[in-house]
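There are 4 protein chains.
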Amino acid sequence: VIDALLEVEAALAAAQAQLGHIPVEHAQAIAQACSAGVELDEEAARTSTPVVALVAALREAVGEEAAASVHLGATSQDIMDTAAMLTVRERRGPILEDLVGAANTAADLARAHRSTPMAGRTLLQRATPITFGSKAALWTAALDDAGRGVARLALPVQLGGPVGTLADTDLLAAFADRLDLDAPPLSWHTARAPVARIAAALGIAAGVAGKVATDVILMAQTEVGEACEEGGEGYGGSSTMPHKHNPIAAISARAAARRAPALVATVMASMEQEHERAAGAWQAEGPALRDLLSVTGEACDRLRESLERLVVDPERMAANLGEEEPDVSDAEALVDRALDGRR
Amino acid sequence: VIDALLEVEAALAAAQAQLGHIPVEHAQAIAQACSAGVELDEEAARTSTPVVALVAALREAVGEEAAASVHLGATSQDIMDTAAMLTVRERRGPILEDLVGAANTAADLARAHRSTPMAGRTLLQRATPITFGSKAALWTAALDDAGRGVARLALPVQLGGPVGTLADTDLLAAFADRLDLDAPPLSWHTARAPVARIAAALGIAAGVAGKVATDVILMAQTEVGEACEEGGEGYGGSSTMPHKHNPIAAISARAAARRAPALVATVMASMEQEHERAAGAWQAEGPALRDLLSVTGEACDRLRESLERLVVDPERMAANLGEEEPDVSDAEALVDRALDGRR
Amino acid sequence: VIDALLEVEAALAAAQAQLGHIPVEHAQAIAQACSAGVELDEEAARTSTPVVALVAALREAVGEEAAASVHLGATSQDIMDTAAMLTVRERRGPILEDLVGAANTAADLARAHRSTPMAGRTLLQRATPITFGSKAALWTAALDDAGRGVARLALPVQLGGPVGTLADTDLLAAFADRLDLDAPPLSWHTARAPVARIAAALGIAAGVAGKVATDVILMAQTEVGEACEEGGEGYGGSSTMPHKHNPIAAISARAAARRAPALVATVMASMEQEHERAAGAWQAEGPALRDLLSVTGEACDRLRESLERLVVDPERMAANLGEEEPDVSDAEALVDRALDGRR
Amino acid sequence: VIDALLEVEAALAAAQAQLGHIPVEHAQAIAQACSAGVELDEEAARTSTPVVALVAALREAVGEEAAASVHLGATSQDIMDTAAMLTVRERRGPILEDLVGAANTAADLARAHRSTPMAGRTLLQRATPITFGSKAALWTAALDDAGRGVARLALPVQLGGPVGTLADTDLLAAFADRLDLDAPPLSWHTARAPVARIAAALGIAAGVAGKVATDVILMAQTEVGEACEEGGEGYGGSSTMPHKHNPIAAISARAAARRAPALVATVMASMEQEHERAAGAWQAEGPALRDLLSVTGEACDRLRESLERLVVDPERMAANLGEEEPDVSDAEALVDRALDGRR
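Chains as they are written, first to last, in the numbering used here: chain A, 1 to 343; chain B, 1 to 343; chain C, 1 to 343; chain D, 1 to 343.
To be clear, the hints were calculated from the coordinates, so they are not data collected in a lab.
Worth double-checking, as some hints may not be accurate.
Here are a few chain D residues that face chain C, going by a calculated C-beta distance under 10 Å [as the list claims (entries may be wrong)]:
1) Ser35
2) Ala36
3) Gln77
4) Gly161
5) Leu166
6) Thr190
7) Ala196
8) Val267
9) Met268
10) Gly341
Think of the CB as a built atom: it goes at the ideal place given N, C-alpha and C, for glycine as much as any other residue.
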């Protein structure tokens, strides 16, 4: 967290130097101090925001002359909000990789099992036939869709100053450019839709992971027996029943996914922010967003693993379906359409 | 609700007639029966979905010949999901109007008070000066942004058949066209991101309404006294203290907004749907979405009313600020930029 | 809702008359007016609380002399909070009946199937044997426990006056006594633990209903086939697959139960109430609590129905278990202990 | 976490030795191995529950003979559920201390300001007078009440074996006794009301902390100015406005409290557990409960600090009230009643 804050302070100084607001040497000194890192007092976090202490430490480190160029015009929230966006960008990387990885694996399954008949199931009752390929193709599409939702999120910098009125468009652009974030049209100090949209996209990604994981868990039920997660010795074992073979990755994905909706709610509830900086809602939003990144990350990671371990049993699928030569042309066409749509 | 279901059945038959799947006269008979309406048994809802009883009643109404053309190829969920989208479209109309109305009123306030100084407030402590115009301009931008989020939502029809594999692209297009909804690339029977995205956009709209309402309530505090909601005699009165004058509309908006985040969570948690139709999650999602439409609608409606009633007191603002001729050029520039951005 | 408000106003006057605070004839006139009912202006709710209009209507109805004895010393919130407790009491009646009814049915199943072997299932994988009786006995105990939690809730009257300081112990006792509610030690105007505890107990009841319903749904899976909900023709039918037989009551119970946790969260979030009456949180709590009463009521009602319709298939249980003469003495002992504990 | 698991394994062995189920020397060897600690493979957690690996490590550590006495009859969930209860007990210690500490400080304030008039405020509008003592007395009562709710929670051991049917009453009692936890009447493997009740009590404690913190924040508003948190230099400072003095502890308490309701919802939603061990819900409940312990702990800790730092300004209270010699006898009586009730 401190590293992200320092990265933001350095980028701010660099952008200001670029526009001639501060001497280039000051920006260099600040960049150097930020790279070197600072030690923060534990107590700092309790008595104020960490940025107050961090700015003091930076000013100390850069020397008297450059000190005035540190954190120029910015307020703590500018630094913390921008750092939060860096964190989101960093942590969505693996989430996107896992979503793509899971979608690719699902697409492979869809291709391989385009014509493998199995029972469709509605309300957990056997319904008309599908193919396992069509199920996997819908997984693929849902995972791709969730990934696009996460990938296209705007990640704006914040630079509104003490009360959010600062609006140096050039500086905003340069600042955003240096951090490879977006320049917002206006300050979003207490207009938190950008954060709520991130939370929603993460919640949806977790929700899709949870849906796919649930299907895997249900296919792995002993009485259904159409799929299992392959693993080495001891994988999915139980402390009392060593013969058992649990779909641990899918269960972990589902468990993580189940923690997401409430965290989305906390972020959304945190939109109610007073005046020019909230007295509690803003401070609650940050940790909720970080927790949401964690549980979504875990849901996607474990789902990808589950799909990569997945072994299906077409004979059991056929036996459960109990129909000779079912017409599955609809399902096959769905696979084709879904996979065509990916390219 | 029944009306929406009938509208969907009629549109399905019309689309099928258009493509030659069923005789045109059947579609006409179905349209007529749908217009006439049906009486549903109370018991129907308990023993099954209402669509089962509704289809039976429609088949009875259209006569033996056309009966087979009723609900052709569709499943209950197709009708209910599509009807739910009609409901969303119908109910977002007033929500969008209220968001636009509130934003316009806020923009008027921003223009009128572009240079009216007031205290910026962070953590509810007085901070550097802003203008009331800049505060109202940020309200405007946030309301506009929330409205765009609600307006651009995809509202897909559903027509996947019993297990979601149906994929007649032409029929989907014609069906969607007749209802003025979107044709989805694939069935979303158990891939509920479209619904979760609606919930998120509504939750964000409610969140923005709650933020603005909170600002109004805080400006109306007795000790702050910078704004009040104007009303006739008895407006905002209390049963014990008739002299009191409460910002009832803003309080109602905030109260409604506070109910939204948890409903978003319920919709998101409902994404965990089993196989080809969920045994509980789908049935929980519908009422949660309807409740969310209600509370968001109420939040936006009451916020608009609050802003329309809003009377501000520049003298009190100046007194609270306690600075002679504060520099508010940043705030003024923000107003200009925000209002320019609207056009 | 209006009826409950009138019942509270009448009880307040009666208690005050009993203690000699107002003339008995006034209380009688008020009681009469409350029984007769009042017509409230639609607009009233928008411009103020309904109690303001209701008190005005009552004062009109009782005539000039008794008018001053109407609503004496009370504030709107006193009436609304107390009426809310009447509503809770009224609506928990059927909830408790359904919990007891469901528990009794489950106990009958436990007794009848004390020794009926079936597969225990952990992580949805077959584990060591249990008996269906032991499963039903644990349902019984959980339902009983949830019922006790709901039954023992304190339902306090509110009578704190305009700012919650009123503390006439005798009046509180008489008022509570007339309404058969509890007399709280202090005003709970903005100390909402009593409401949060109600929400928690309801959420737990819904949660237990959801657990049992989930077990039923899983036992009714086609591939498991150990239970179904018996119904007449068309029960649990599908619009496309008339042969299907869905456990509609259990699915409805589960769906209702899934809406409860978020409503509990809304009530708990509403504990953050400002000063002597909240500007939003209190107004959000009421509808959330009412919604929670509804979904819990529906969950318990439908679960009871599901259990009453439940038909189990011991042969299928034995086949799924696949063990000859399993040792189920632990499970049998559990049934005995659980049923003994009920008496 | 590992330590708690080991403590549970040792207590189980000790209880079994006490009842003669295993040799005393085995229990001693197990106790010794548990004290020494075990190293767990990182991979273990991914491929199974940590208990599987821990039991293997313990069996290795105690030698071949005693190995069979390790984890005898227990299942992973027994150990993890019981360890979770140890964690709850450990972490509620400071929560209870903070609640008592905050309540005592509030009681001191109530006593000191029994007759200090201030404005009552409803809907954030000035209402009839109270005393600061009466406000603080209601804080005291709410904090005491929340503490009692947390203190009286049942913290049951779990010892149901692989499918929850184990029911050795003597062993349960001895096991519970050694850990100073409660012996449950029946296994609660998938009947999670005990956990949901813990979550509810924590959520209520956080809610009360949030209410009191909110009052402090509002009293500290610049325009109200009736209270502030006293601190040394830099306390509550801002990075741009060093003169500012923010009620940091109260804001932190409020922020932490706002994260609690959604976590309660996650725990309640996790009650829906399948058959004899849930495939996701149980695994989601644990981390949600731990997070809830953290945010409740932080809310109570910071609130206590806030109240200990609190300095109030009776003159400003009088000025805000604006009434000469208000009648505050009701408020004074409330203080007396509330403080009397404490003893």
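Right, here's what the structure says about each hint:
| no. | hint | result |
| --- | --- | --- |
| 1 | Ser35 | 31 Å, violated |
| 2 | Ala36 | 31 Å, violated |
| 3 | Gln77 | 8 Å, holds |
| 4 | Gly161 | 7 Å, holds |
| 5 | Leu166 | 6 Å, holds |
| 6 | Thr190 | 6 Å, holds |
| 7 | Ala196 | 5 Å, holds |
| 8 | Val267 | 8 Å, holds |
| 9 | Met268 | 4 Å, holds |
| 10 | Gly341 | 6 Å, holds |
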